[in-house]
Amino acid sequence: MQFNSLAEFIAMGNHGFYVWLSYGITALLLVALVLTTKSKDKSVKLHIQKRLQREAKLKQAAKKQQQTSNKVSTSTESTS
Amino acid sequence: MWKWLHPYANPEISYHFTGKLLPWLTKLSFLLLGTGIVWALLFAPADYQQGNSFRIFYLHVPAAMLSMGIYVGMAIAALSSLVWQIKLADASAAAMAPVGAAFTAIALITGAAWGKPTWGTWWIWDARLTSELILLFLYLGVIALHNAFEDKALAGKAAGILSLVGAINIPIIKYSVEWWNTLHQGSTVSKLGAPSMATEMYWPFLLCLFGFVSLVAWIICLRFRTEIITRNAMRPWVKTLVCQPETK
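As given, the protein sequences belong to chains A and Z, one line each in that order. Numbering-wise (numbering that gives the first Met the number 0), the first sequence opens with residue 0 and increments by one. Numbering-wise (numbering that gives the first Met the number 0), the second sequence opens with residue 0 and increments by one.
Check the hints yourself; a few may be wrong.
Claimed, not checked - 30 Å max Cα-Cα, derived DSBU-like pairs, lysine-lysine:
#: 1; chain 1: A; residue 1: 37; chain 2: Z; residue 2: 86
#: 2; chain 1: Z; residue 1: 19; chain 2: A; residue 2: 39
#: 3; chain 1: A; residue 1: 44; chain 2: Z; residue 2: 115
#: 4; chain 1: Z; residue 1: 151; chain 2: Z; residue 2: 19
#: 5; chain 1: A; residue 1: 49; chain 2: Z; residue 2: 86
#: 6; chain 1: A; residue 1: 56; chain 2: A; residue 2: 44
#: 7; chain 1: A; residue 1: 49; chain 2: A; residue 2: 39
#: 8; chain 1: A; residue 1: 39; chain 2: Z; residue 2: 238
Said to hold, decoys possible - If you want the footprint, here are the derived chain A segments under chain Z, 3+ residues with CB under 8 Å:
#: 9; region: 13-22
#: 10; region: 55-66
Since the hints were derived computationally from the structure, they do not count as laboratory data. Here the structure is a predicted model, which is why all the values come from computation and not from measurement. Just so you know, even glycine gets a beta-carbon here, dropped at the ideal spot from N, CA and C.
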């Protein structure tokens, strides 16, 4: 151990400001990098999920429309 | 010779392979960086000239080495994407660029904070510092190009050409301290075999270096997986993957 007390450790022999500035900014940048990386992954997955849901809904709506139009066409055929 | 490598050009296989690597890289980087940083801050001796400001060295030098190393990796990926049309190489280049930019910024900022007590100035327009600043701009340009086009293949081509042209900057950074008279000190660690520093400083440095290397590998793997999913969003395997929450 190079330091005798916590105060000495924080002071870093008059270089405390520069040392802690370096370690602080490095930690901050790395944490920010990891967080943006994780949030980007999540948002991309969510985006694809939403697109799939939208596609499924559209498909269902198209099916329903086709069924009703079929019904209408058969009913018009029967009346004529 | 390339046969064993070939399956990894398949996005699905790469995705699952990197997924298996992730937990090990997390553990390794926490272990190495944890011991390395504690050693560097508490137990490594102060420099006889620079005092405790020398502790910045344990962040500054690994960050600077990685800023160049990641660039070389990105340029190689860009080259293989342009020459052999490997789509995954584009994805890996896009994954590397932001990580490299972050480490370039760390190298510049810690360098400034080290320069102030040692040289008396935060910044000076000398060869080493200026070329490293250009490296940051190159990274930012590559990131911007990757995001500038809706078509990822086109974006990868544009960014790839920029990163290949910018690769000329890497030897300039590396040899700037020898080619020009600069304030920046010469290299202390990269002399093969005989590093010109004390062993009680060299060991924490190695721990920090490899800790940062595994941290970088971890973040790049994470980003690479996101890039794969983005580029293969229409594939059935991505659809099933997105719909089921990942099993751990």
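request  = If any of the earlier hints don't hold here, list their numbers in rising order.
outcome  = Hints 3, 10 are the ones this structure does not satisfy, whereas the remaining hints hold.
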